[in-house]
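Enquirer: Dock chain B against the given chain A, drawing on the hints supplied.
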Amino acid sequence: MTLLAQRILGRRDAPRRGGPLASESRWAWAFLAPTIVGLVILSAGPIGATFAISLTNWDLLRPPQFVGLDNYLHLLEDARFQAALRNTVFYTVVSVPLGMLLSLGLALALNRSIRGIAWIRTMYFLPLVSSAIAVSLVWSWIYSPSDGLLNQTLAVFGVPAQRWISDPFWAMLAIVVMSVWQGLAASTIVFLAGLQAIPQSLYEAAAVDGAGRWALFRRITLPLLTPSIFFTGILSLIGSFQIFDQVFVLSNPGKPTGATITLVYYMYENGFRFFKMGLATAGSWVLFMIVAALTWIYFRSQRRWVYYQ
Amino acid sequence: MSSDAVALSAEGSRARSRVLLATLRRAGLYVVLIVGGLAMMIPFFWMLLTSLKTRAEVFGSPPLSLPSGAHFDNYSRMWNALPDVTFGDFFLNSLKIASLSTIGQLIACSLGAFAFSFLAFRGRGVLFGTLLATLIIPYQVVIVPNFILYRNLPHPASESGNWIGTQEPLWVGAFLGGAFGVFLIRQFFLTIPAELADAARVDGANPWQIFRFVYLPLSGPVLATVAIFTFMWSWNDLLTPLIYLRDLEQYTTTAGLAFFQGQFVGKWPEMMAGALVSLLPMIALFVIAQKYFVRGITLSGLKG
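If you read the protein sequences in the order shown, they are chains A and B. The first sequence begins at 36 in my numbering and counts up one residue at a time. The second sequence begins at 5 in my numbering and counts up one residue at a time.
Read the hints as simulated data drawn from the structure, not as lab findings. Heads up, some of the hints might be wrong.
What the hints assert, rightly or not - Okay, the calculated bits of chain B under chain A, using three or more residues with CB under 8 Å as the criterion:
1) 36 to 48
2) 117 to 124
Stated by the list, open to error - Simulated restraints, written as ranges between beta carbons of each label pair:
3) Arg253/A - Val23/B: 22 to 32 Å
4) Asp244/A - Asp207/B: 52 to 62 Å
5) Ser17/B - Arg338/A: 53 to 63 Å
6) Arg147/A - Arg20/B: 49 to 59 Å
7) Arg29/B - Asp182/A: 38 to 48 Å
8) Glu163/B - Ala196/A: 26 to 36 Å
9) Pro66/B - Leu208/A: 38 to 48 Å
10) Arg335/A - Arg29/B: 34 to 44 Å
11) Arg250/B - Ser148/A: 23 to 33 Å
Note that the Cβ used here is the ideal one computed from N, Cα and C, for glycine as well.
So here's chain A without its partners, still in its complex pose:
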């Protein structure tokens, strides 16, 4: 299985082809020119710029003023930033494990060669290709307090109507449910590929030895699936810290309350509504540090639980 993580970690470099021609590196730089410009001005380079701007007060109209760490001190005191941080962490902690568990179950169920499986899979995969905004619009209607699908359905069972997206208790959970529904297929597809890479002979050998279904899952499937679990885990983690569209649409559209504001929304609001570029980039830098630190810890942990064949 050619998974990104394995490729990076396996450090399998490209085989050198052809002789080391003097002209070859000149060709290489020509081929790489767009990529290098992109790295410098659009992706890697601006990381440093983000930090530099975060040390200033800048409204884009007047020249930036250097203020040291003032923006970071402001973040510490800003209740809205704290809400954003809390909500983003809550969202990650609930949605990542929940999404991965459900995806794993779904992949196990879908991993058969039965007739019509392609059509069945399509039903599960459709939410994944839909835009977050269209999806969020439907869900805001599903969650609608007056005549939404959820409250109307619950009313049949005598459950009183809830204000799903304006109630601080339910709001973030409502977003989690919607996002898990939408992203389910991404991890499922990776797990399916992982399941199909497990040699059938292992199961047959274990079955001959009298292993039951649970033992087969626990001793063969799960260990051999850990690279896929590791891989989807890291991507879900990074992705979950980027949540924005769903928050933009649900819960007080365009102006989320403290119940649902997230880190990226905080950044967007300060940068592009209030034109406080220093504060926005300080928020981005915090986001970046959190993601970088979690990625690092996660990669360090893999030796303990990830099993490469």
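Expert: Below, chain B without anything else, positioned relative to chain A:
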């Protein structure tokens, strides 16, 4: 009946019941998978149902009841809701931006991937590592420096004189490559047998010719995968249009939907019609090219 025959028929019925059990189990699996799949589709059914109802039906009738008729006027009201622009304009804008982004990514990423897989040069490992590291940077982290960059680029045709308020920031960057595309195409290039390129070299082909006439013609599937993902990300993007676009005439379908949400408070049929129409191209693309989607996700794990 001899005891042999009894044993035989007992074995036969045991085999039959085993077959029956397997059939039942298979049927049960089908039922579970299909019911689960339909449950996953409920939001889409709900969207379709609502888009065909009158406003009175939406608020008066049980949730999953059928509309009294197909009220397609919701679609035309949604389409022509704004005085100067139609939803069709948003659609064309999205189509233009997503197509240009796709072309840009295909060109820049295949060029970069060729250098990383075929050409030897000093610093290749470090550069490739740096590029891959950018995969973990949430793109929102660099959005302020990018905004400032585009704000300082002169633009002859824009009111502001710079790139803010134009569609260019939404697609020009695609021509500068990206880690996902370079990585995916490079992995594919590495599987192309070296003999092919060696033969071309013996015939005096330079790297450009090898890229253009040996590698590219063999790379249809991976280019399709990169194209589909780029198109989807561009089509579904909301944050970038919100930041850069100023006039409604330039809006994409996603920005248009966000604007509608503010305009159509409580008008669910029109809004669901808009949401559904905005999804159609991606759903069609997915049904046609499912295998490339699955391949891309398997290789990268990236979400939509």
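Enquirer: If a hint holds in the structure, say so; if it does not, say that too.
Expert: Evaluation of the provided hints:
no.	hint	in the structure
1	36 to 48	holds (count 11)
2	117 to 124	holds (count 7)
3	Arg253/A - Val23/B: 22 to 32 Å	29 Å, holds
4	Asp244/A - Asp207/B: 52 to 62 Å	58 Å, holds
5	Ser17/B - Arg338/A: 53 to 63 Å	54 Å, holds
6	Arg147/A - Arg20/B: 49 to 59 Å	23 Å, violated
7	Arg29/B - Asp182/A: 38 to 48 Å	41 Å, holds
8	Glu163/B - Ala196/A: 26 to 36 Å	47 Å, violated
9	Pro66/B - Leu208/A: 38 to 48 Å	26 Å, violated
10	Arg335/A - Arg29/B: 34 to 44 Å	43 Å, holds
11	Arg250/B - Ser148/A: 23 to 33 Å	53 Å, violated
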